[in-house]
Amino acid sequence: MRMQLARDELLAAYRLMKTIRVFEERVNLEMATGDIPGAVHLYAGQEASAVGICLHLDDQDRIASTHRGHGHSIAKGCDPEGMMAEIFGRATGTCRGKGGSMHIADLDKGMLGANGIVGGAPPIACGAALAAKCRKTHGVAVAFTGDGGINQGTTAESLNLARVWDLPVIFVVEDNGFAEATSSSWAVAGDILKRAEGYGIPAERVDGLDFFAVHEAGRRAISRARDGAGPTLLQIVLPRYYGHFSGDADTYRTAEEKEAMRKEQDCLTVFRARVIDAALLEPAQLDEIDATVDRLIDEAVQAARAAPRPVPEQVATDVYVRYI
Amino acid sequence: MPQKSTRQALNEALRHEMQRDANVIVLGEDVAGGKGAQGEQDAWGGAFGVTKGLLGEFGSERVMDTPITESAFVGAAAGAAMTGLRPVVEIMFVDFLGVCFDQIFNQAAKFRYMFGGKAVTPMVIRTTFGAGSGSASQHSQTLYPIFTHIPGLKVVVPSNPYDAKGLLIEAIRDDDPVIFLENKIIYDDLGEVPDNAYIVPFGEANILREGTDVTIIALGRMTKLAAQAAATLADQGIECSLLDPRTTSPLDEDTILEFAEETGRVVVVDEAYPRCGMAADIAALIAEKAFDALQAPIIKVTPPHAPVPYAPELEAAFLPSVERIEDAVRKVYGHGR
Ligand SMILES: Cc1ncc(C[n+]2csc(CCOP(=O)(O)OP(=O)(O)O)c2C)c(N)n1
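For the protein sequence lines, the chains are A and B, in the order given. Here the first sequence is numbered in the working numbering, starting from 1 and rising by one per residue. Here the second sequence is numbered in the working numbering, starting from 325 and rising by one per residue.
Mixed in with the good hints there might be a few duds.
[Claimed, not checked] Computed spacing ranges between beta-carbons, pair by pair:
1. Leu107/A <-> Asp651/B: 38 to 44 angstroms
2. Glu385/B <-> Ala273/A: 46 to 52 angstroms
3. Asp519/B <-> Thr254/A: 34 to 40 angstroms
[Unchecked claim] Sample of chain B residues lacking proximity to chain A, with all beta carbon distances greater than 10 angstroms (derived):
4. Arg344
5. Ile523
6. Phe526
7. Gly561
8. Glu612
9. Asp616
10. Lys624
11. Leu638
12. Phe642
13. Gly660
[Stated by the list, open to error] Just a few of them, taken from the derived set where beta-carbon distance is under 7 angstroms, the chain B residues facing chain A:
14. Asp354
15. Gly357
16. Ala630
17. Pro633
18. Tyr634
Bear in mind the hints are in silico, worked out from the structure with no lab data behind them. This structure is a prediction, so every number in the text was calculated from the model and none was measured. Just so you know, even glycine gets a beta-carbon here, dropped at the ideal spot from N, CA and C.
Bound-form chain B, shown alone (with noise of 0.2 angstroms):
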């Protein structure tokens, strides 16, 4: 299978959607770029380069510059999306999505349930989060468990070229709104991506290796760092199980349970903040439903309560770490033992 990396895999997924679907249509700040600048048109393909390319070959008519104005161009596609378009909205940074909360939180969100189910409303908003290139406290956050609590709204967070493509297929295809965040570290990782368009069903976890000792669950980038954990704890002896949800609306709880049940010792990586965040919901979720399995308390690895800093040393200090993990795992591994 052909190497591709995650943002080469994004574009496909764009690709085969708006050539599958004339509804499909691509908007956001620059997705095109240059609109009404003298130099070469489709200058930029979005801030990382996602949608580069896409303006030649489906024109301005689907692949849409817009003004800086998040409330006016996410709430209109919503309303586009409520009357026959299928909008991939792209918001630079997870961040910026704070201008236009009323718009999904209170309008798409709601559409279907407000109006007794006869409603639907297919759009994606694409976006980056996560901590790593120094672009401090309003560019870094990662933000899914807010979108991940509010109902109707689905939320997925590939972690890998293979997923983003498959997901983002799905994520078109789904008639909910959904949020698709991508960790912008990831953009340049390779991986295998077949040509065709295929979809990875949203609500199911990947398993990404099994262990009978210690269940790591981690989202996005965390899975890489997760599974580098596993392989040296593998080394000591430690056998971990490691999964990774990829959607946290739906989540699969069953996997999850599954996994709980059969280890009986978890631990939860999760980049977000760690109050009323992913790792904070499934221990909880665990907690409540496998808890009889249970034979350590279960150790969420997560940032401090704190903004995203700027300057590296507290970044990184910031970030979860592979050797966190691993005490992590040590530390439930070993309990009552």
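This is chain A alone, in the form it adopts within the complex (with noise of 0.2 angstroms):
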């Protein structure tokens, strides 16, 4: 296995994959307190997924991302106050408390948001896609999608139209083994690799614990799209921490399982104990790294608690653009 990044690379890796997990623990521990609204989605456990993808895509490059979306915003660069802001449904965040945790975007970004529907973001990659082979700007888009997307119309429909019209697409499968309480292993007919073979796209899969096997399967990909040689699937595998949404009680997996998922399958672990071993970093390095994310997801939960909150006049703005 490869593992030629720079330190600073890998730096930068740790402190996303960290944020990413901090800012999840964070907005489980604040859901509790009753001032998050509606539900959220976590990621923690997916974070290699996430980083090991985006740190290969600039501003230019587009991802559309799921209901998990937090990870994919935070790795593609979105701001965490930002983000907390939206949570908590305020005037400053992303998309100034109209959205929420479940369509969090900055398009500046390039991140053209989480969405509540499944199977909604292989289309919209599929158009930015095609934005930029038109416009000729070698970007590149990434539909995020689950194993349970995987099976959605929408998603079978852009394989076939990303191959037909080469477009510089990735479908990434984050597979968790669950679509809610159902299990991928009952609910997906067949391979998905070989789903993505019979429309000619060359697919692989890999293990979601192993950042340097997601960046490196990454790399591939991203760069075949970027040579003009189109659509690539990755199929991630990788464990899902808490239940479905905030209010899943998560009967469907025994607590033993779920206690030696997270002993046994954590990507940060493994990503430490990586470079650690080959002596890329120093365990000093990675704790100031965890320290600065600390406080960091802190100040942003007391930002957004300070934010203003939306005024009650906004409700009907941006629903249509003015030309003056």
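Dock the two chains into a complex; use the hints.
Here it is in structure tokens:
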């Protein structure tokens, strides 16, 4: 396995993964205070996927995400403070309090939105890839979807369209084994890789605990897309630490199963061990990141709590664009 | 009579009909829940727990989880309905029906007519709607006007536990495709619900209150807000009638017109978007057929023409409120006096 990343890249990767983890654990805590409206779908456990892919992308490149979008947003460069404010429903949020957890977006960062609709992202990513191709920006687009989303008609249609139009798009299927309470071993017929291959799209299965494996597979897929060779599908196998959403009692998994998962399937622990064993980074450097990230997220929560709330008059703004 | 929640009432309706008719099946995402997982069977009973316990009683051949493939399983329900089964499909949020409009609008809704009246499509799509839970634009819409617009579909909007049970039993026994819309905010509301199977017929408005001054027509959860407004207004000397149409297709035009004519003053309260919505439709009906009796312009109380926002302050500003209903009633009451 290649680990040819510069030290600052390794530090950046760890910082992003850690930021996602702490962000999610904190949102989980804050959720319990009752100050966050609606529900959240937490990404904890899946960090290596978002970060391994998004580190290859710049602001010109676009991603379209899922209902579990916090991790993708952070990995793509969205500001955790703006995201936290959005989740708290504040006027300073990334979407001015109109979208919430499930709709976080930052177009300047190439983040085209989390999505409340399963299967919503793949067509949008195809569109972004089409725009990149037509406008010759050399940009690529990534569609994040789950093992549940892979079954949606929109995803199947997008795979076909991506090949027919040879779009610079990467389909990242985050397979955490479940769609809500339903397991992918039951709900996904056949093999996800073979589905892609059936459309003539190269596909790889990747260990989502291994940041380096994801990063490397992402590099291959993204450079193929940039070189005009069209779409790729990556099936990234990873755990989901929390229930499907913040109100899910998660009774379809046993307590032991969940405990073992957190202990044995932690992409951050794996990353730490790998870089320390290979003498690429010092434990102290990682500890320092841990501390700064804790502070950053704490500040984000404080800022969100202190932020102004939207005013009722804003309820009917942003419906149409006005031309003056 | 025993007090039951809307959730319980719906669960009982499903149980009664599944016991009565082996052709009734239930399908949808996680309606059993935990399919293929180690954990407890029947873990979810649907996202809102309405189908909980049915798997244990009727088995996985009649309570079927589905992959996330709405076009396929809603369409499959239409096909199965046309060929002998009576499927009840659960779609967690009405917003998700956007994925499979073709199967509803162009397929299920059209079979009977297109095939010269020779086909029946006895299927029910149960789904949730409504704002107020902080679920934002893609999980909060009130979309019954869209379905009401399509001939061939029956559209049901229960507002309380008693109606929910009786209307769902009627829906399952009906031979047409029925869109059954449950406001997610009323699942825990309690009301008197008999243990036996009974029906509430389609196309018959519920008269919740009779008064001689103003007629309020409200749907779903809005009936509760309207009832509150009517009670306050009565203290102030304005006597309102309150009608809940219960089904938007068929619509009980006769009762609506009768009450509109009696008071000559009408307020329509609807949680759906204002343009081409039920409030507009009902107002137009009254303006067309009871114009001579009207003593004031009809007022619609609806959200603004905007998607449903996330932040609680915005969501509150979006939804019709008791105060807005009271203001509207006072305005039509005072008009021309
Ligand atoms: C069209 C549509 N159908 C159903 C849902 C409800 N829903 C939200 S997330 C989800 C499960 C998605 O599973 P998966 O794609 O595997 O992603 P994961 O939650 O595992 O990250 C479902 C069924 C939805 N949001 N949109």
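Hints, one by one, checked against the model:
no.	hint	result
1	Leu107/A <-> Asp651/B: 38 to 44 angstroms	holds, 39 angstroms
2	Glu385/B <-> Ala273/A: 46 to 52 angstroms	holds, 48 angstroms
3	Asp519/B <-> Thr254/A: 34 to 40 angstroms	holds, 36 angstroms
4	Arg344	holds, 29 angstroms
5	Ile523	holds, 33 angstroms
6	Phe526	holds, 30 angstroms
7	Gly561	holds, 30 angstroms
8	Glu612	holds, 29 angstroms
9	Asp616	holds, 35 angstroms
10	Lys624	holds, 15 angstroms
11	Leu638	violated, 5 angstroms
12	Phe642	violated, 5 angstroms
13	Gly660	holds, 30 angstroms
14	Asp354	holds, 5 angstroms
15	Gly357	holds, 4 angstroms
16	Ala630	holds, 4 angstroms
17	Pro633	holds, 5 angstroms
18	Tyr634	holds, 3 angstroms
Consistency with the previously given hints fails for numbers 11, 12, ordered from lowest to highest.
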